[in-house]
Amino acid sequence: MGITRLRRVKREIRVLGLASRPRDDGYTVVGVVYRGSLWLDGVLALRLGGGEEPTRGIAEAVRASPHHPQIRVILLQDEQLEGLRPDPYGLRREAERPVIALSRQPSWPEPPEGIYAIGFELELGGSRLHVLSVGLRSLEASAVLRASTRRGETTPEALRVAGLIAEAWSKQKT
Numbered sequence: 001m002g003i004t005r006l007r008r009v010k011r012e013i014r015v016l017g018l019a020s021r022p023r024d025d026g027y028t029v030v031g032v033v034y035r036g037s038l039w040l041d042g043v044l045a046l047r048l049g050g051g052e053e054p055t056r057g058i059a060e061a062v063r064a065s066p067h068h069p070q071i072r073v074i075l076l077q078d079e080q081l082e083g084l085r086p087d088p089y090g091l092r093r094e095a096e097r098p099v100i101a102l103s104r105q106p107s108w109p110e111p112p113e114g115i116y117a118i119g120f121e122l123e124l125g126g127s128r129l130h131v132l133s134v135g136l137r138s139l140e141a142s143a144v145l146r147a148s149t150r151r152g153e154t155t156p157e158a159l160r161v162a163g164l165i166a167e168a169w170s171k172q173k174t
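Anchor point for the sequence shown: position 164 equals 164 in this note's numbering, and the numbering is continuous, going up by one each time.
None of these hints come from the bench; they were simulated from the model. Do not rely on the hints blindly, as some may be mistaken.
Straight-line Cα separation of at most 25 Å, SDA-like style, residue types lysine to any residue; simulated pairs [unchecked claim]:
{"hint": "1", "residue 1": "Lys171", "residue 2": "Arg7"}
{"hint": "2", "residue 1": "Lys171", "residue 2": "Gln70"}
{"hint": "3", "residue 1": "Lys171", "residue 2": "Asp24"}
{"hint": "4", "residue 1": "Lys10", "residue 2": "Arg85"}
{"hint": "5", "residue 1": "Lys171", "residue 2": "Ile118"}
{"hint": "6", "residue 1": "Lys171", "residue 2": "Lys10"}
{"hint": "7", "residue 1": "Lys10", "residue 2": "Gly126"}
{"hint": "8", "residue 1": "Lys10", "residue 2": "Leu124"}
{"hint": "9", "residue 1": "Lys10", "residue 2": "Gly152"}
Taking CB as the label site, the calculated pair distances span [to be verified]:
{"hint": "10", "residue 1": "Ile118", "residue 2": "Gln172", "range": "37 to 45 Å"}
{"hint": "11", "residue 1": "His68", "residue 2": "Arg151", "range": "12 to 20 Å"}
{"hint": "12", "residue 1": "Ser107", "residue 2": "Gly51", "range": "17 to 25 Å"}
{"hint": "13", "residue 1": "Ile3", "residue 2": "Arg63", "range": "17 to 25 Å"}
{"hint": "14", "residue 1": "Leu164", "residue 2": "Ser107", "range": "31 to 39 Å"}
{"hint": "15", "residue 1": "Gly51", "residue 2": "Ile118", "range": "31 to 39 Å"}
{"hint": "16", "residue 1": "Gly42", "residue 2": "Pro22", "range": "34 to 42 Å"}
{"hint": "17", "residue 1": "Gln172", "residue 2": "Gly119", "range": "34 to 42 Å"}
{"hint": "18", "residue 1": "Arg128", "residue 2": "Asp24", "range": "18 to 26 Å"}
{"hint": "19", "residue 1": "Arg56", "residue 2": "Trp169", "range": "36 to 44 Å"}
Just so we're clear, the structure is a prediction, and the values are computed from it rather than from any experiment. Backbone N, C-alpha and C fix where the C-beta goes; we use that ideal spot for every residue, glycine too.
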């Protein structure tokens with residue numbers, strides 16, 4: 001898949017932030033749809049078994065979501081995934097949306113043939129982050145991250161809220 005062109009990155013661009021937490025013999029995965037850094041629009045949740053490949057399950061949940069048509073970009077952050085490692089390239093291909101992955105240390109494999117990806121560094125809220133943009137140019141990815149992060153913060157709101165919900169849900173008794 002090539003490059004997705006965002007005509008203009010609006011203040012209320014809809015992004016999906018994904019977070020996961022270990023639970024019993026698998027993972028709790030929570031996705032939060034946010035309008036920029038302003039409003040929560042929706043939540044999706046799923047459980048993945050311990051041996052289950054996460055990329056396909058997450059992509060299926062994203063495509064089945066009523067929010068899929070409005071989601072412009074999927075956000076990942078290694079700190080919010082706690083051991084779950086969805087493939088950002090596979091997620092781009094299977095969910096049919098660009099993916100922006102954030103990390104303190106770059107540890108991404110090379111992109112497969114035919115997938116546009118670029119790695120770069122960005123300062124958010126005074127912290128330097130490594131960014132992998134799959135399907136978006138670095139200027140557009142930077143604009144999406146700035147629009148979806150509150151001033152002075154280092155984590156986009158969709159990721160922060162997804163992490164809070166995943167944490168609470170993973171502690172619930174089954």
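Query raised in the report: Which earlier hints can't be squared with this structure?
Result: Of the numbered hints given earlier, those the structure breaks are 1, 2, 4, 5, 6, 11, 14, 16, 18 and 19, listed in rising order.
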